[in-house]
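*Asks:* Going line by line, the protein sequences match chains A and B. Position 446, counted from 1, in the first sequence is what the working numbering calls 446; the numbers after and before it change by one each time, with no gaps. Take any residue in the second sequence, count from 1 to its spot, add 1000: that is its number in the working numbering.
In case anyone wonders, no lab produced these hints; they're calculated from the structure. Everything numeric in this text was worked out from a predicted model, so none of it was measured. Just so it is clear, CB atoms sit at the ideal spot from N, CA and C, and this is done for glycine as well. One or more of the hints may lead you astray.
To be verified - Only part of the chain A face toward chain B is listed, based on derived beta-carbon distances under 8 Å:
no.: 1; residue: L193
no.: 2; residue: Y386
no.: 3; residue: T430
One letter stands for each residue in the lines below.
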Amino acid sequence: MSAVPQYITRSSVSDTAEYFRYPDEVREQFIATDDIEFRDGSRVTSLEVWDYLTQVGPVKYPNLYDNSSLYTGRLSHDVTFAFNLKNAYLSMTMHERMTKAKAQGRPIVFVQGGQSVDPYYAAGAVALRPASTGSWARGQREGLTRNQDELESRSDKQKAYNAISFEVCNSAGYEHIQEGNVPADMVAPYTALRCSDVSYGTEAHRHGPRAKEVKLLLVDYPLDHQRDKEWAIRYFADNLHRLTRSIDEQTGRKTTDDDLAREIKLHNEGRRLAIEIADLWWSADLAPTNGRDRRSLFLLGGMETHGDPVASLSLLREARRDIEKRVRQGHRTEGVLDNAARLFVCGSCVFPNDLRTEEAGGIIVGNDNHWSDITTLVNEDGDPYYELARAVLSYPYEQPLKERAGWTVDQIRKSRTDGVLFLYKWGCNTQSAIARLLVDEIKAQTGIPTIIIEDDMTRTQTEQLQNRVNSFIEMVS
Amino acid sequence: MALNALELIYKRLRERPQELVEARANGAKVVGFQAYNLPEEVIYALGLIPVRLGSGGDGDLVEVGGRYISTKNCVYVRSTVGLFAENTDPYIVNSDIVAFDATCLQTFRTAEVVQYYFNREVIILGVPRNFYLQEAHTYFAAELRHFVSRLEAISGVTLTRERLADSIALYNGIRDAIVRIYPYQATKNPAISWEQVFDVIQAGYVLDRREYLGLLESLLAELVQQRGAPVIGGEDDEARIFISGSTIPPGDKKLISIMQELGGRIVGDDLWSGLIPYVDVQIEDATLEALASAYLNRTPHGALPYLELATDRRIKRLKELITTFKANGVIYHTLRYCDPYTFKAKETKDILEKEGIPLLELHTEYAGSDFEAIRTRVEAFVEMVKLRAESEEAA
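Build out the structure end to end from the sequences listed, making use of the hints.
*Replies:* Next comes the structure, spelled out in structure tokens:
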């Protein structure tokens, strides 16, 4: 049996589980890093973050500290990367932070992931994508092991299946919002082609137990060359106006054009930082972080992960400096081979297990979902609603397939990808529909190998997926 | 007594593929389409031949289509892609241009796949999800203008008010005739069955529309002559079944055959391959704006989400039609991965339960492997509906 690192302890709950601990030897270095600033003006110091992660977190959420490599959500072991710890802190404190925001009078709005959240925040709301909704709900359950947490989550999802359909992939947070686990005031996602279930899931809220309390609205995203059609941009801008007016009805204030313009500036900074980080990351000979941290870092540029764009910016600014330093110093990341097979993930909202991918000799260097929106900056001059509408309708992921493929090929080339995985979740109609088309076009343009895999998004039963990913790595290596 | 017009419709259907070949040889252009909110009027008004594409019931086509689009798409979509891949269906072969609308997002994806793999000229009509808002009507009118401009370029004809007015009048006539024919199938000892009316409606997908109107008028005249005004009703112990849910396109006879075999009588539907597209179309003027609004103001397709249950016109229309046709049970037919209707199944069941109307959801696809499973469930449902009808009569 291999030696157990000192920061991994045996569980008192199960004799098979191992629990991760942040090692004391990095404490001093970490507590010297920046504070996290929040939207309400409050801040936490790195010392407070450290204490939370080492004292509070392990007691409240032992499931999150489960160190099994089978656990897709396992905490990253890159403990000298301050972003990693702060990102974990923001995830773990979702419940308490969102409860506080709600108490401060901020409407809680369910949104579609992978989209700009600028207008929601401009109107004073908190925008929660599906994963964040789940994170808030799960944060209310303390002391669970990973298996217990997984069972509870499956049980939650079953409520959506019962109320809507067993073919539901994304239930628009139905199970948490209608069961009252998450006190959402509105369900108001964009209807983008990315996920059709979100629109039908939103409709399903009309028959739920909290139907009268939760306001429903769809921000209608036109299709088919929408960015080239003036009338489509105007229509989407009208929908954005309707969105902010609806949130205003909750807050009792009036969102002005200046509010939106200010918010766009703030979110553009996040998007720019993420793009700069990606360019740095991809330029490095050696991967400056592991795949899990790369994904979290790039994703943060969308400002939608933690329900607080100011906190996200705080992390991004610091991470930008740290990544630049790592790239300059030729940092070697533990667990990642120097010559790892570089994979790019296309498709819907599922991902392989980064750790096991790295154990097999690969690393995921990029993805299209939750990235195309971030790479689309909003023009800061002119009518902010119109400019935001124009930008959102320009997301490469939502363009006609040849254009989407062209953008994806650009990302693949920038990231020096060796192979492309197209993943989609069981029941995902609109992304699965074009899986073959997209990879055929990518293959035609680049000649690099591709594979299409279906996944069921459970956190532990991933062998079917991982076996295929590992074989693919072996092939492209 | 036989209905001559009905026989003629079946005959003309058999002759139609060859007619299209000849029309194209003489310079006519055929617009094959698959859509729910595409006003056919504009295609016809430009001198183009509209033909609705798509069929069901063939598991082989589903398998072939699934090689290009995903197995997680509904079987109708896969079957459609299969039709293009096989390229032997006369209506697919004879389509010069292929048009789709974005009502159902899977149909939108079908358009992309067809364009990419089968090198077809594809035109798409965008459809708003928030169809009930004024700004959505403005957007849809602009989309329709864009769509028409592309058809004008293909046909070499400009859409004038007169052309559009003539076409609208023709289609209004078709809609009116279908709405008047439809109740005859729901009467006691009907002269025409629901299955036959269903065939008549679907014949209109491909026949020349002016000839089709003539055939409908002849059929209606025969029905009036034989039966007078329709009086809806049947035997006391009848299982009068209403069909709702996902589309049942031409060729998909599985559920209909099972119903016939087991003595359940279909007396109504709100299918988009059945009655519903012909109901409540009020075009106020011969303009594209009026046409766009009229289509959006119809009973909505399930793929367009509506967020307020109390004012949902789809539910309201469903209840009205069930009452009108004196149905005492509903079979809610859903195709696997047809989210627009599958997601509403339980909700619809709960609503109708409060009205005392039983609903059976049948989740199926085009393979024959579930034939017996469906048969068993339909048999039990029909028996239950009959028993309820008998006991209500006795009470």
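*Asks:* Compare the structure with the hints numbered earlier in the document and write down the numbers of the violated ones, lowest to highest.
*Replies:* The structure conflicts with hint 2 only, although it agrees with all the remaining ones.
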